[in-house]
Each structure stands twice: as C-alpha cells, then as structure tokens.
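Chains as they are written, first to last, in the working numbering: chain A, 768 to 1076; chain B, 768 to 1076.
Source of the hints: derived by calculation from the structure; they are not laboratory data.
Take the hints with a grain of salt, since some may be wrong.
Pairs involving identical chains hold if they fit within one copy or between any two copies, as the list cannot separate such chains.
[Claimed, not checked] For lysine-lysine, the following DSBU-like pairs were computed, each having C-alpha atoms within a straight-line distance of at most 35 angstroms: (1) Lys772 - Lys963; (2) Lys963 - Lys838; (3) Lys1035 - Lys807; (4) Lys807 - Lys956; (5) Lys838 - Lys852; (6) Lys947 - Lys1076; (7) Lys963 - Lys943.
Protein chains: 2
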Amino acid sequence: MNEIKLFCPASVANVSCGFDVLGFCLDRIGDEMVIRKTFKKGIQILKIDGQNLPLETMNNVAGVAGLALLKAHPVGFGFEIEINKGIKAGSGIGSSAASAAGAVFGINELLGRPFTRKELIQFAMKGEELASGVPHADNVAPVLLGGFTLVRSSKEPDVIGLPTPTQLYATVLHPKIELKTSDARAVLKKNILLEKAIEQWGNLAALVSALYTNDYGLIGRSLVDVVVEPHRSALIPGFHDLKEAAIQTGALGSGISGSGPSMFALSKGKETAVLVGEAMSKSFESYSIEFELHISKINPEGIHIISSK
Amino acid sequence: MNEIKLFCPASVANVSCGFDVLGFCLDRIGDEMVIRKTFKKGIQILKIDGQNLPLETMNNVAGVAGLALLKAHPVGFGFEIEINKGIKAGSGIGSSAASAAGAVFGINELLGRPFTRKELIQFAMKGEELASGVPHADNVAPVLLGGFTLVRSSKEPDVIGLPTPTQLYATVLHPKIELKTSDARAVLKKNILLEKAIEQWGNLAALVSALYTNDYGLIGRSLVDVVVEPHRSALIPGFHDLKEAAIQTGALGSGISGSGPSMFALSKGKETAVLVGEAMSKSFESYSIEFELHISKINPEGIHIISSK
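Same shape as in the complex, but just chain A (with noise of 0.2 angstroms):
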C-alpha cells in the first residue's frame, strides 16, 4: 500500500459533565485526507482545501503529529498529505484533531500498522498541543477509537474506550462567530466549589454508567454541566434558548461542544435528533448569524478508509 484516502470525523469534547476528559466521535461531518509514501524523508503537506491553514509541516497539526510518529518509529522514507478540510477551524467539533488523528492513523496503515489505534493517540496529541498549547486527548481518542471515549490522564496517557448505546444520536449546531480558545479558557474560575465538583463527577460517573447499561434516562439526567457550562455559556449567543428548545422537543440533553461556539445536543433515535435540530434552528434564526447543523449518529468506529492502493 504507498496511498490511503481517509475520513476523518469530527467529535465532540468536554460533553457537559465530562468537562476535560469525555467525548465523542461524529458520523458523516469530517476530513478527507490522502496520505501518501514519497521517496523524500519527513512529511510534506501538499494542499489544503476548504480552509487557509498552514502547509509548514511544523505548524500544521497533522505534519506534527506524523512527525511525533516518525520519531518512534524512523523509517527510510517519507509522506505527504493532502487535506480537505470538511470541519471548520474553530467551529468546536475537533478540526485539528481530525487532522491529526487522520495523519498518524494513514501513515500508521501505511507502515503495516506498528502501533495501536490506542497508541496513536499519544501521537495526535501532539497536534492539539500545536493547536491550542496543551496536548489533550479529548477529541483526538474518540477520533482514533470510535463512540465515546474516557481520557483517565493525559500524562501517560490512559485512554478508555466505552461503550456506545446504539440509538444515540447527536444534534450540533455551529453558531459561524469566532470564539476564542483563548478566551473560553479565559472565563474559567481557577478555583471551584467542592460542592459542585462533587455534583458534576457524581454525573460523570452516573453516565458512564449509563453508556454500559443503554439507560437513556439516566444519560438525559447525568448531562449537566454545573462547573463550566454557566461561565462559558455567556459567550455563546442564544444558549439558553437553544438548549431549553433542544430539551422542550425531546432531546436528552444539550451543551457545549468543546470549548464552543458549537452546541451539541443527545437524543434517542434519528427521528428525535432531526426535530431537535428544527426546533434550535428555529430558536437560533432569530440572531441573525449565519449557522450550520448537523445530524449524526454516534460513529462506533472512528476514522475509516475510503480507499487504498
């Protein structure tokens, strides 16, 4: 195989209770990446389509983060890539790291698959720390492992794959402003009352349980962010409104997807999701700023091959 043709997924991070460590893989919205073997060391992204972002290898997210796994593991050879950016940079859904993931997962393919898709994940990383400073997990696991994904710790990392009920579908609206990560990270307290802490991993540990037991009750009543979602929700306009319409037509419940401006919501069934989408399309239009839905199942598989040869 000298050339891979990826999707690569967007995903959602944070998922209200699970600030910093949950998230989940999107279906249909994504990259597409080629990936090729070149005769000339190092990698070399080609083009980038649908997005200006840097072709500099060491300030683009997936040149770095192939680049970390060349480093463990030197070959004689070299890649190059090519993007078509599907996600919008800063829209909140993972565009880095779908580029980052999507770079180490197809040359990791190409080279006969020397790593896991776990450990691939310590390379993808690499490529969130170029993108926002800090090497986080959080959109890069479900990206590489599919469904929803638990990041235990970033330092080693330990990243635990956990089930995902197959009726869950997701609703995500993308609000076209900028929203800083700079500045969602901004309006974070560095100090949080114990009480509230213990409320949110109350419901983190709550949902985890229910992904295992398909209860989707219990994941409509974990869904709650009470620690960062009151801070950052200022900044995203109409939130209260599009989350109250999101849960008044059915939906499990709703939040900030990543560090925003996007909003993702849960529902039960394809049918839910599609009327939750009406009903914050509805409640959003009246802002004036241009936006972008869509509506996807929760991907069980993560990144996936559209062709090889």
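Since chain A is already given, all that's left is putting chain B on it; use the hints.
For chain B alone, kept in the frame of chain A given last:
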C-alpha cells in the same frame, strides 16, 4: 411473618476518587437486628448490645429511619427493634447506616414489601441525617442494594447499582481512635482547584468503567484521591505507611473509609487481601494504637435475612 432477624453489613463510603458519591458493601462484619410487629404503634428500640447508643426512638438512627418509612406507609400497629452492634460507632465503616438500613429493610419485609430496596434508601437517609446532620446515601445505598453503588444525586435521590468484580476483596483496618466527623469535615476546603477536580472525575469515571469491565488494573490506576485524602490523611496516624504497605503487598489501591479513621484497601483475590491485611497490621503495630482488621469480599447482596417467623 411477625419477626425477622437480619444481618446488616458494614460499608465503605467515599472510596478514594468517589468522595460523597461512591460506596461498597462489606461481608461478615455487621450488626444483627431483630424486628418484630407489636400492637403498640410506632417504633420501640428495646435494647442495643455492643455499643452505648440512645434507645429513644427519635434519637436513634434505626428509630428515625423506621418512622420515616411508617410516615409514608401508615399502619395500625408498630415495631420493636433489638440491635446487636457488630460495628463500632465512629469507625468510618457505616455503623449508623447499618442500623438505619436494617430498620427500614426489616419493617418493609414485615409489611409485605410495599417498597423496593431502592425506594427504602430515602427512609434510611433520615437516620443518616440524625447521625451526621446530612441526609447522605453513600453508606445506606450499598447496604440496601449490595455491591458498589453510585449516588448521582442525594436530592431526589438518584442511586445506581454498579456491577461488582467477583474477585474484588476489601481489607479494612480500624484504628481505635476517635475521629469526629465534624473534625473530618473541618479539614475539607470549600474550594478546590479545577485541575484537581478534573483529575478526580477522570479517575472516578474510569473506576466506574473498570467495574463494568472487570479491569483490575484500571481499578488500581483509578483509586486515587487528589481532593480529600491529602487533607484528611493527616488525621489518621500512620496513614501513608499503611497505604504504602498495602500497595507494596499487591493491593490495587487504598484510601480512607468514609470520613475515617478506618482505612480500606482493595485487592484482586482473597489471598492478596489477607497478605495486605498482614502488612497493614505490621505497619500499624509501631503506633501502639489498638486496631481491628477485617478481610471481606465485596458483598453483592447487601442486607440478608438470617431467619423469620
């Protein structure tokens, strides 16, 4: 049925990363209770062996819990209760919870089970409120449901029974010192660092996952408390040596049971749990403080009926 004799087990609450929400049920160590129907309405505590505890119904956790049940399900007769305490009050392994849970469990049986075990939690919590000022469920839930339990919220209450890996054994060392719950509460900080909270909820979520997947390694990696233990451990003589001894001998993890002074360790297999107990005992002997040691599998059933007539 007019009389029932129960075994009401001890329990471990908090469980490292699961502060205020997680608990598990012990086996073999516990109270025995006899509850019988009487013509006299209300509840009489006839005698308590093994501990000096109040007999007045309104000052006794079993009395208060039983009355809470009878308020929700009024009947034209009453109950008398005899308690043989096997659990020392103030030991940190759920002495009040065993009595409160036992009372409501026994009365419910004698009434023909108008309530489920889960529904009984709310009544038993009234006993806990008398004992500690807070109507918490993290001890009564495992005593009533067995195994590991998660208290997502104590307001509704919303309690989830978690699976119990069959090879999981607890070692509990109870140093016979008085540690007031008020002192244990006083050392807690009202505010905690967000980064510590994230570490804690990542560990708790991973621990819940590990209970579903029988992943003993992950149980060990997750049994970490970065929020409460650093403060409370100072109140327990020899804490760090005991913990070190347990881990060195093969325990998966170790921490404070409830608000102390008891310490628990969890091990895979009874043999390891016994060795861990020996190592903890040896480590603690230098302190010249009397102590008790308990080795117990995690009790998947909770309270059980010894006899009835």
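**Message:** When the structure is checked against the list of hints, which entries are broken? Sort them ascending.
**Reply:** Of the numbered hints given earlier, those the structure breaks are 1, 3, 4, 6, listed in rising order.
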